[in-house]
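Based on these hints, arrange chain B on the given structure of chain A.
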Amino acid sequence: MSTDTVNAAGIRPLPTARRKSWPAGWMEPLRQGLIYPALGIGGLLAVWWYGGWIIANNDDLYAFADFAPGPTFAALYQMVASGAVWDPIASSLSRVGFGLLWAILIGVPLGIGIGYWAVARQITHVPFQFLRMISPLAWMPIAVLAFATWDAAIIFLIAVAAVWPITYATAHGVQKIDPLWFKVARNLGADSPQMLRRIVLPAVSQDIFAGIRLAVGVAWIVLVPAEYLGVTSGLGYAINDARDTLEYDKLAAIVLVIGMIGYLLDAVCVKLIKRTSWRQAD
Amino acid sequence: MGIERDSSKAIGEGTPFMPAFISIDYITHHYKGQSKPTLEAVEATIEAGQTVALIGRSGCGKSTLLHMLAGLLQPSEGCVRINGRQITRPSPKWNMMFQKPSLYPWMSVRENTALGLLFQGQKQLIAERVDPLLETVGLRELADTNVQRLSGGQQQRVALARSLATQPELLLLDEPFSALDAFTRTALQDQVTGIVKDKGLTMVMVTHDIEEAVAMADRVLIMSANPGRIENEMSVDLTYPRNRSAPEFVALREQLMKHFGETVELPQRNSKTEPRIKAA
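These protein sequence lines map, in sequence, to chains A and B.
So for the first sequence, my numbering puts the first residue at 1; every next one is plus one.
So for the second sequence, my numbering puts the first residue at 1; every next one is plus one.
The shape of chain A in the complex, shown without the other chains (with noise of 0.2 Å):
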């Protein structure tokens, strides 16, 4: 028997393991990118499906019966091939732009500081966490008063939403990271702009990232509301003007194109997220 042969050195090798090995799972990808996804989706146009038929068929809710799929879908399609859907969505996008630009250019600086310097972070704990609990659009009639702008307005409420997200996620991320770094780097002969360019910044940027993508959540939840403000444009006044005019299909598509917006700013996030993210799965 060849597994009790005992070589020269009075070693004796182990008979090889034989791994059972399963014909390679081709499904697995298929279903995870495609079936299941397409599951959900069905599920969800299935229950939509159905509340509008029961508002069509009931004599009190008639007159709402263009939410359904049916109508949304077409009065979408209108909206796409008269490029009437372009001028909303840009706007919108530009709003949460600038909020977001603001909250990353205060957020950033603001959680790197909180996360380093722990009197910090006891010194603004009560102040941050009271100011975090307020509802953004509560700011609302101050932020009209304050601005002399109803979109300077718009963005400042955007930017107090989306500001707490990304403050709280880099000061989480800077204290996590290895005092040891700041030490060799130290070492090295790093200065402070050194160090927090090639140690610091590098070490939390995704925690940056993952802060952003909350952000980009709460600040396209809070934008439709604050659409509603004086403002002509948007996708939250659009909204509110098929409401007045009892155009549902409308409305029904603004809706969508808003979850669909939405979907792909969190994708986007994602992306950076895993582009920023120096973990290795081993």
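Worth flagging that the hints you see were computed from the coordinates, not collected in a lab.
Where a beta carbon is used, it is the ideal one built from N, C-alpha and C, also for glycine.
Okay, the calculated beta carbon distance ranges per label pair:
1) B/R149 <-> A/V80: 46 to 54 Å
2) B/G33 <-> A/F147: 49 to 57 Å
3) A/Q129 <-> B/Q74: 32 to 40 Å
4) A/W117 <-> B/D198: 39 to 47 Å
5) B/G33 <-> A/L264: 49 to 57 Å
6) A/W117 <-> B/P105: 22 to 30 Å
7) B/G59 <-> A/Y36: 55 to 63 Å
8) B/E135 <-> A/Q129: 51 to 59 Å
9) A/D87 <-> B/R89: 57 to 65 Å
10) A/R243 <-> B/P105: 46 to 54 Å
11) A/R243 <-> B/R149: 51 to 59 Å
12) B/R244 <-> A/R279: 36 to 44 Å
13) B/E248 <-> A/K274: 53 to 61 Å
14) A/I142 <-> B/Q86: 56 to 64 Å
Rough simulated footprint, nothing fancy, chain A against chain B, three-plus residues with beta-carbon under 8 Å:
15) 92-103
16) 145-159
From chain B, some residues computed to sit far from chain A (all C-beta separations above 12 Å):
17) F21
18) E40
19) R81
20) T136
21) E248
For chain B alone, coordinates are given in the frame of chain A:
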């Protein structure tokens, strides 16, 4: 008398390279909130090019002393001088390697190694210095690999190359091999000694491992605890590379072991308390 910024300029191109002569002048150190000093009236001189091992029980302040040599910690009283100048802050000229390799995981092997030169604004030296150094530590092929893919021994080799890239006068080792497996540890001990002797560097290392001290050092300083003092020293007059099973080697090891009495301390891995310093 502070140390001038020109010390960092001295690693410029073509600067004659000078190993450090260290004098430790009556260092006493108190950590805040402790009644007894961690170190008391510690005094020693270390010749240029010498390899010195600091050994002693936990809490004898050997790691604290090493942090002072690196300028990462200031003594309460007394001072450390390197080539006559008082050490008041860390510098790439006296470089410390820690128990953990502490590499930056978002960088490749080459980027980690080049970091000291980058911080010094000496980008032009990176190409010329880093690859030969990686060759020396046997990682030339892995230069573009992310450091997370490396084994513990390979990571410590990157840390070594990173410490050497700024051409230090003095290399400080704080138990850098204690987390490695026995084979890798022995190989790295010999490799580091070879490089340090080849370049004529001064080296000071802290270790729990008596065999490591005898294998690497010219001189072993034995510290006692409460308060921390250098209580004894032993010179190791063996040629490099050292044969660990040679009778003279074994005799020295036994002698050192005996010095510690019955309670020879086993290496305490991962339970080491780092000196408290601010990472500012």
